[in-house]
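Colleague: Chain X: place on chain B using the hints.
First to last, the protein sequences are chains B and X. Residues 1 to 254 in this note's numbering are what the first sequence lists, from first letter to last. Residues 1 to 254 in this note's numbering are what the second sequence lists, from first letter to last.
These aren't lab readings, by the way, just hints derived from the structure by calculation. Be a bit skeptical, because a hint or two may be false.
It does not matter which identical chain is used: a pair holds within one copy or between any two.
Stated by the list, open to error - Listed below are the simulated SDA-like cross-link pairs for lysine to any residue, each with C-alpha atoms no more than 25 Å apart in a straight line: (1) 59 x 239; (2) 236 x 163; (3) 253 x 186; (4) 88 x 148; (5) 189 x 120; (6) 71 x 186; (7) 45 x 61; (8) 2 x 244; (9) 21 x 185.
Number of protein chains: 2
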Amino acid sequence: MKTLIVFAHPDERSFNGSLLKETVSQLESDGHEVKVTDLYKQHWKSQIDEDDFPVTHEKGSRLVVAVESQKAYSSHHLTLDVVEEQEKMKWAELVIFQFPLWWFSMPAIMKGWVERVFSAGLGYALPDRYGAGGFEGKKAMLIVTAGGGESNYSARGINGPIDDVLHLINHNMLFYSGMTVLPSFVTYKTDYATEEVFQNYAAKLRNTLKNIETIEPIKYRKQSGGDYVIPGGILKEGLERPGETGFDMHIQKD
Amino acid sequence: MKTLIVFAHPDERSFNGSLLKETVSQLESDGHEVKVTDLYKQHWKSQIDEDDFPVTHEKGSRLVVAVESQKAYSSHHLTLDVVEEQEKMKWAELVIFQFPLWWFSMPAIMKGWVERVFSAGLGYALPDRYGAGGFEGKKAMLIVTAGGGESNYSARGINGPIDDVLHLINHNMLFYSGMTVLPSFVTYKTDYATEEVFQNYAAKLRNTLKNIETIEPIKYRKQSGGDYVIPGGILKEGLERPGETGFDMHIQKD
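This is chain B alone, in the form it adopts within the complex (with noise of 0.2 Å):
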């Protein structure tokens, strides 16, 4: 498959970093093709502003950000960096979103690509959402390294379930714009991890890439699919298991 990763840490000397260099090697060695977005390396701008619209927004005008980036996007006045950005994933056929966990969510940097790279009439083109949309036809799939221990991270974790802590970007942002959603791999105490956890990982993050063209996705439930009441975007009565709520509903049951 032909493969982008997007990569987000300052230092490619980290666990972070050296995970990258397994990913890469390991895609290439089973025929995949690999691109690397590297933001740190790259200067990547993380903010969108006004300077994102140079040509279809006058400056000092009302910015409505949906609204300019509609328009810069279907004009193909965006900036260089971002359309080149924009050729990799419509390139894509497997986006891998590779960065250390910060505050419970990716790196601003990586924020920033999102909401540059990810334009309207592109990554959202309403009303297609969740499950249809500009990027229909990718899979798409989280590399995380956490700080924390993992059992901080589970069903009954402080932090939060993982998935429930992840479900914001591979929901509401990867499944969002249509990408189909592989489960994440996530590493736990990654800052104090010896060479022997590293291998422990690295190894297991191989097997998962070799067997990456049937892993089974998330099952989320497609907008347009007949379980929500549209427009208005309700889960209809009765499709979740008694008692779940929040986020676990939107999640097909077997």
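Modeller: Coordinates of chain X only, in the frame set by chain B:
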């Protein structure tokens, strides 16, 4: 109360920017002292990187962000822009984060503010966290404008319940760093709001702010309050409502 408003919107004429003016004028007319950090206007540097540690980190050497952050904070060698924001945080009794909900979280520029200003030793000072830490004794509140409709954020809404969507900010950032968190003020369908809709929200917001000193905080469970098994951070059995899962478990029940 001494109030710091951290504001992230690229246009002060937006719905969000107009709400900011309401917030400031109401707080000041009630006798509160107000400072505003306007991230876009300040050209805030969004990403944390080695330039954050100009004295204590040798350029090009290994960069472990938490370690460098602790080192630079404790030796008073952070950059001036960060030091100024930390001084405002130390001064404040109430911190309001006001932003548009982009991709179901705060804008990248504000995420970067948290990454850079909540230094190790201040914003997180392990093992103190969740109800203890550098910002103990301060109150925090979100003022959020959402583009989508309210039903999408209801208990069965496809975006997830708004309290869950904001949980990673309220609980895992603000409560984590020691602050007491007030319920968020959220407006919906903001991009297409009429003047009448704005005025209704503005009146509701002013009324909330008038009562700011007596609003009941969200009853998050303190990590050191006896509800968790330490180490491990696991919620003890039987404290949650029957069938309750996920983020909700970490809120005390009456």
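Colleague: Compare the structure with each hint and give your call.
Modeller: Hint check results:
{"no.": "1", "hint": "59 x 239", "verdict": "neither (49 Å within a copy, 55 Å between copies)"}
{"no.": "2", "hint": "236 x 163", "verdict": "both (23 Å within a copy, 20 Å between copies)"}
{"no.": "3", "hint": "253 x 186", "verdict": "within (23 Å within a copy, 32 Å between copies)"}
{"no.": "4", "hint": "88 x 148", "verdict": "neither (33 Å within a copy, 29 Å between copies)"}
{"no.": "5", "hint": "189 x 120", "verdict": "between (37 Å within a copy, 16 Å between copies)"}
{"no.": "6", "hint": "71 x 186", "verdict": "neither (38 Å within a copy, 28 Å between copies)"}
{"no.": "7", "hint": "45 x 61", "verdict": "both (22 Å within a copy, 23 Å between copies)"}
{"no.": "8", "hint": "2 x 244", "verdict": "neither (37 Å within a copy, 41 Å between copies)"}
{"no.": "9", "hint": "21 x 185", "verdict": "within (15 Å within a copy, 44 Å between copies)"}
The structure shown violates the earlier hints numbered 1, 4, 6, 8.
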